[in-house]
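Number of protein chains: 2
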Amino acid sequence: MQTTVSSKSREVVISDTGPTILIGERINPTGKKKLQEELLAGRLDLVRQEALQQVEAGADILDVNVGATGVDEVALLPEAVKLVMEVTDVPLCLDSSNPRALEAALKVYEGRPLINSVTADQASLNDILPLVKERNCAVIGLTMDEKGIPRDAARRVELAHYIVDRALQVGIERQDIVIDCLNMPAAANAEASSTLIEAIIEVRSQLGVNMTLGASNISFGLPDRTLLNGVFLSIAIHLGVNCPVVDVAKVRQYALAADALLGKDQHMRRFIQDYRRRQKQT
Amino acid sequence: MQTTVSSKSREVVISDTGPTILIGERINPTGKKKLQEELLAGRLDLVRQEALQQVEAGADILDVNVGATGVDEVALLPEAVKLVMEVTDVPLCLDSSNPRALEAALKVYEGRPLINSVTADQASLNDILPLVKERNCAVIGLTMDEKGIPRDAARRVELAHYIVDRALQVGIERQDIVIDCLNMPAAANAEASSTLIEAIIEVRSQLGVNMTLGASNISFGLPDRTLLNGVFLSIAIHLGVNCPVVDVAKVRQYALAADALLGKDQHMRRFIQDYRRRQKQT
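Line by line, the protein sequences give chains A and B. Take 802 as the starting number for the first sequence in my numbering and just add one per residue. Take 802 as the starting number for the second sequence in my numbering and just add one per residue.
You can trust all of the hints, since none of them are fake.
Which chain A residues stay away from chain B? Per the calculated CB distances, all over 10 Å, these:
#1 T805
#2 K809
#3 R844
#4 G859
#5 S898
#6 A955
#7 K1051
Derived pair list, reagent style DSSO-like, types lysine-lysine, alpha-carbon separation capped at 27 Å:
#8 K834(B) with K1051(B)
#9 K1051(B) with K1051(A)
#10 K1081(B) with K1051(A)
#11 K1051(B) with K1065(A)
Coverage of chain A stretches by chain B, computed from C-beta distances (three or more under 8 Å per stretch; other residues unrestricted):
#12 990-999
#13 1018-1026
#14 1035-1047
#15 1062-1074
These aren't lab readings, by the way, just hints derived from the structure by calculation. On a predicted model such as this, the values are computed, not experimentally measured, just so you know. Here a beta-carbon is modelled for each residue, glycine too, at the ideal position from N, C-alpha and C.
Let the sequences and hints guide you as you build the complete structure.
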């Protein structure tokens, strides 16, 4: 299964056999007060800075999310997308729960983006899937509905099936649907990661689609977050998550190590190259 | 499945639901020139030092191996075992391919040790299994035979079945057999880790026994070994390896993170405690 996304000048392929594709998570104001303030003031300096830093750190794709209370996403998301396209050449993941913001961002985007995201909620499916089909993009499906994120794995798997079925019905190809089984803080719920692992294994084996995951949520509220995120990311990559949304500067080395060990990095070239880069920096 | 080992004063239980039990690998002269020289001279200062440091770093069990060219293991293994019992109170894993050395070490050992190891080789099975039965110990079975380590997973699984069957025949309980699917350097063979993962999954699901693994071999000849070992250890713990042989000072944090995320550490108490300990050290 291959999901192809692109910028004007660069193509990125998400697949089982290729390297893990890292989607940079940092352009997202959730929990980032300074970025929220900037976006509210219509300023994009931090967005530019985060874009450059993440690509420097090895991001393959950048997620662009400007959603915060009081921000007009319909106006600002396209501006942020234009800016990021100016300063980097990686493909983008247009991230909003507002279909009109996604539509506006799609109008300015040059290439084939990933749309983040559709849920199993009827409104979301009705608004976003036709957009994905019309613009011939790839889309991330979140295994949640209007009632929120199911606590059990079986229901998340059902919702993944439902999203894939609905997407296929409007003519989107299976390879262009990427499923996110939704990472929840382990500190709040002792079963969070075992439920998630179960959902990932089942979605993977039943649907065969490519999979993403917001890898940093698991450690929310815990110490030593980079280690926890890195260890969970390693396990997730083994299970078939092949385009996680991560803080690239912090956990890329775990993904590269996992790829090297799991046969996704021929002659371990990428791992060794990155090791040398890190040695130079210290 | 519970494997119980003990020292004179402490019991350690290896199980699916409990924490990952770490067997300290450092008392082993393979690849350690200075330790080889000391052992050849009959000196045990480094053995004492490694024992203390590993227990300080959080080892649950210590492997004791004095096998090097020119060393009389029958004489020296019991001496090393006595010394380690004097300076620490963790259970030991008596490690030798020489049945007489194991027999001599068993005579001085106080408690219920793990014997490392038996292979599917007839001589090994004939010599070691009766010893394990007679002394009521637990034993590690290596999935190799007189032809060496099979390159393919299926044959390793066959050998695991064979060792377990032979052990059951002499009256050893299934819970007292721990299987090691044998970690090989990934640098020498691109399929090393995928083969190993396949073997672990199959042994686990077909035999249900507890599992160990020499976690450091995978990175032999590669840079950034701690990261590679830690990432592979995380995946191995997820697969059911519950008493790996490791360099505890280097990779314990990965095991604790994996346990915390996989529901093997209630309220993440051990992870948080170890985090605080590490913070104090820096």
